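Enquirer: Residue-level listing of the chains:
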Amino acid sequence: MKPILEIKDLHVHFYTYAGVVKAIAGVSFTVYEGETFALVGETGCGKSVTSRAITRLIESPGRIVKGSVIYHTKDGRKIDLLKLPEAELRAIRGKEIAYIFQDPTAALDPLYTSGYQVAEAMVVHRTVRSWKDGIKRAIEILRSVLIPDPEKRVKAYPHELSGGMKQRVVIGTSLSNRPRVLIADEPTTALDVTIQAQILKLIESLKRRHNATVMLITHNMGVVAEIADRVAVMYAGKIVEIGNVFQIFKNPQHPYTKGLLKAVPNPLIKVEKLESIPGTVPNLINPPPGCRFHPRCPFVMDVCRVEEPPMVEVEPGHQVACWLYTKR
Amino acid sequence: MSGEEYQKSVLDRVSDLFIELLAKLIDRVRPGWYERNRSKVSEWKLMAYALNRSPPGVIGLILVLAFIFVGIFGPIIAPFSYRYFAIYDAPGSDLAQPGTVVVTKDNRTLYFPLGTDHFGRDLLSLLLQGARTSLVISIITIALGVPFGIILGLVAGYYGGKVDELIMRITDIFLAFPALILAIAFAAVLPERIHEVLQSNAWLRDFFLWLFALDQKDAGILSRPLAVILALIIVWWPGYARIVRGSTLSARENLYVEAARAVGLSNRTIMFKHILPNIIGPVLVYITLDFGGIVLMEAGLSFLGLGAVPPIADWGRIVYDGSQYFPRAWWLIFIPGLVVILSALGWNLLGDALRDILDPKTRRSIEFKLKKRRREE
Amino acid sequence: MTQQPIIKVQNLKKYFPVKGIFFTKGYVKAVDDVSFEIMRGETFGLVGESGCGKTTVARTILRLIKATSGRVFFEGKDVFKLKGDELLWFRRKAQIMFQDPYSSLNPRMTVFEIIMEPVRFHKIEVGDPEDFVVGLLETVGMNRDHLYRFPHEFSGGQRQRIALARILAMKPEFIVLDEPTSALDVSVHAQILNMLRDLQRERGFTYLFISHDLAVVKYMSHRIAVMYLGKIVEIAPSDKLFEEPLHPYTQALLAALPIPDPEYTRKKPKIEIRGEPPSPINPPPGCRFHPRCPHAMKICKEKEPPLTQVEPGRFVACWLYTGRKG
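Residue numbers (the numbering used here), protein chains in the order written: chain A, 797 to 1124; chain B, 102 to 478; chain C, 210 to 535.
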């Protein structure tokens, strides 16, 4: 497997009124070419921030404090996206690394037609020669994201489309330049289950057709199980466990991963009582010392309160950051 | 979010002290209040810090406090009565330059730091007295016009439908007239009627004389400033009806309003306890800005000869009278003009700062600025 | 669970007018002829996708919005005709917990005021108010320290607990739970859901549980009704619905449900439901699901299938099961 994105020791801080929020504190992981990599965690765990930091889409008061994002280009060069001049980064962002955000309504400009918005990305990155070609390509793209009657829909304004249709247009926009990496940040959270299934299927088939790499950001364990190859579980700005989807679901190691899986009802199994994780997510201005999960952990030991656990491999490709698996 | 995280300036300590004092005072009246409202008090402190970090806001606050202070105590600290016509005691003391010293027939020396008007009245004393006129007019206008507008706006926004249509169309009629022209019309017509009312109600007359700090002899012309107040109220409430209606329309969509309805609370309780407190922020900002507007408009009306007439001291009127002697008596125009501008400016600066402070989003950013740049790790 | 209905809904309809410039252009048939019963002590789940009318059903039952037609009985009394003291009694006995805890608590009131306001309004005898509120807070897993704080100082889960304490203060019998956990984090979900279940066991509450999340509905409910475009298409006991869904829409919903089990999802047959729900302004004639239904027949386009009992306790509105009699 060839790596395509290597995130190393990423730190992102937000300088808010209440103090410095250490949203991301030393996140490292590698995404391999052609896989679907899922970053899961609850609200505020930093999964979204991580995905945006990859192409420096962090807005004030946030700042990338430390770390590197190595991107392997098609011709085999390695470039650090965090050190790239803005102009060069812009040529990569949207073209080679494209995003799909959660809220399709916010992602589309209500003043322009859907065709215009799909064509715009291509015109900006000069993948088409003229606007006219762009619109023609847009029709093809809308057809490829399974929008019925694309000749008519290119002329439709966002308010004339349903939520699912809008998300298809957004996906179309992201795919218009045939990106190598598609970062989908909660792409189906705003949608209904039946539509969600359609969109997930669409992303999968497009990924296969374009041979793209997908990085999926979600809080929904069901969606992860459905389409991910490898999974990283985040908690309070850190990755606590990484593994392939079977390792994570069948053999979870970190107490947080275990808790998370038990807190989600599986409708196929008769559950007498859901197990809940006591307490709440810590505030990241003054995160707990040591392991950030220790105040909520049922297996907490003395060492957890003082020292941060390192990432250790428990089986091939399956890493966990927990003192339970580390010999001191 | 505790106070310790802030690098406090002297100003912050002063405002802390002041707020603590206020909180203790309330606690004295209603025992246990402080304990129950700790969150509220620390919120107030944060707001004060935010204000302290906005230089225009602080300047505005100082100007406003000065305006209120002078409005209250001006007539008392004025060196001369507004009815003291030096011209009778010392001929030639009219239109005296700032800094003039005049000796009267009975050998008293009179000092006029800001000069005199054409009756030989001390300009400084007139300005101090005029502050009272301005303050009373603006406070009464706001105190009567704003609640009226708020209630109509609340009712219109909360009930919607036909009630809303009716109230807002009436409001539109008032808004359709240019405010100044409407005020001029009312200020021209009203004095007669008010005069009659004052004639038959001695206590009312005495009350207003006391309020404006006027001499009994001026009872006859009291109706003029009162007419201005009425005119201003008439042109001022529709704005509030409209703002409050708009905010109510969005506030009533909040689930806590539906929650209140679900437990059966009356519409009145919902309007005044659940909607009004949540939309009062922007209204407060408008009130502050409008104080400035009213000071300006009142001065304008008097300048046009529609408000107070001499001997009642009024900033606009002083400028009008002084304009007859321009450019010789420049101080009669520039000094009162400056006073009017500074008062209006003070309210506006404070209003703008308040807008930022009361809006949680911008307040956060102000608060952020005042944070100690702590070591990041 | 005693088999005695506490809530009876009969032919409930709620149409919202769509206003044009001059005339009413049409009606959104948010709830169109819905009938069901909720037994005392049970949790009745109402699932459906956004815009299917499930929340409108709840609000109409509680008389928060006016029904277009139909009747609702609460403990045998016609809710839409209640007045005066009887209406107050209803407002006390029937409560609602909202989806968004960030908007359901007045930001200008402390926790104490939020909980005590309805108590004072209904003149409920509570002894020392402070002790009473602390008692409620402890029931929902909070404590005395939280008494005089404002909502913005709490997390979503804590706010939902406060909302629950306010409901408990009224000593209700029937509670509508309108997606109570969908705004919360996954790890907090279970805390709230378990607390609701425990409270039901202790105090015999009856719940109407509304959600778009089938997995959660299954965990919470004894019986489930599935709604599609303003109509109930299927009512079944919770387990039965999952074992053997009858209506094609229910089948599609279950197939689309992401299951947190990678081995299962890689094996399961992919039944895809095509298209999107049509607009409720001009719903399709006949069965409203027919344009998306894989089994659509001629009759489905012409005639609306009635909700009929196919076996004890199971109702379905589909011509596949109704014997095409009409």
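If you are wondering where the hints come from, they were derived from the structure by calculation, not from laboratory data. Errors might be hidden in some of the hints.
[Claimed, not checked] Incomplete in silico selection of chain B near chain C, CB under 10 angstroms: (1) ASN138; (2) GLU144; (3) LYS146; (4) ALA149; (5) ARG154; (6) PRO180; (7) SER182; (8) ARG184; (9) ALA360; (10) ALA363; (11) VAL364; (12) MET372; (13) LYS374; (14) ASN379; (15) ASP453.
[Claimed, not checked] Below, in silico cross-link-like pairs of lysine-lysine (DSBU-like), each with a Cα-Cα straight-line distance of 30 angstroms or less: (16) LYS374(B) to LYS476(C); (17) LYS948(A) to LYS932(A); (18) LYS141(B) to LYS275(C); (19) LYS449(C) to LYS234(C).
Here the structure is a predicted model, which means the values were calculated and not measured. Every residue, glycine too, gets a C-beta built ideally from N, C-alpha and C.
Enquirer: Taking the earlier hints as the rules, which of them does this structure contradict?
Expert: Of the numbered hints, 3, 4, 5, 6, 7, 8, 12, 15, 16, 18 and 19 do not hold.
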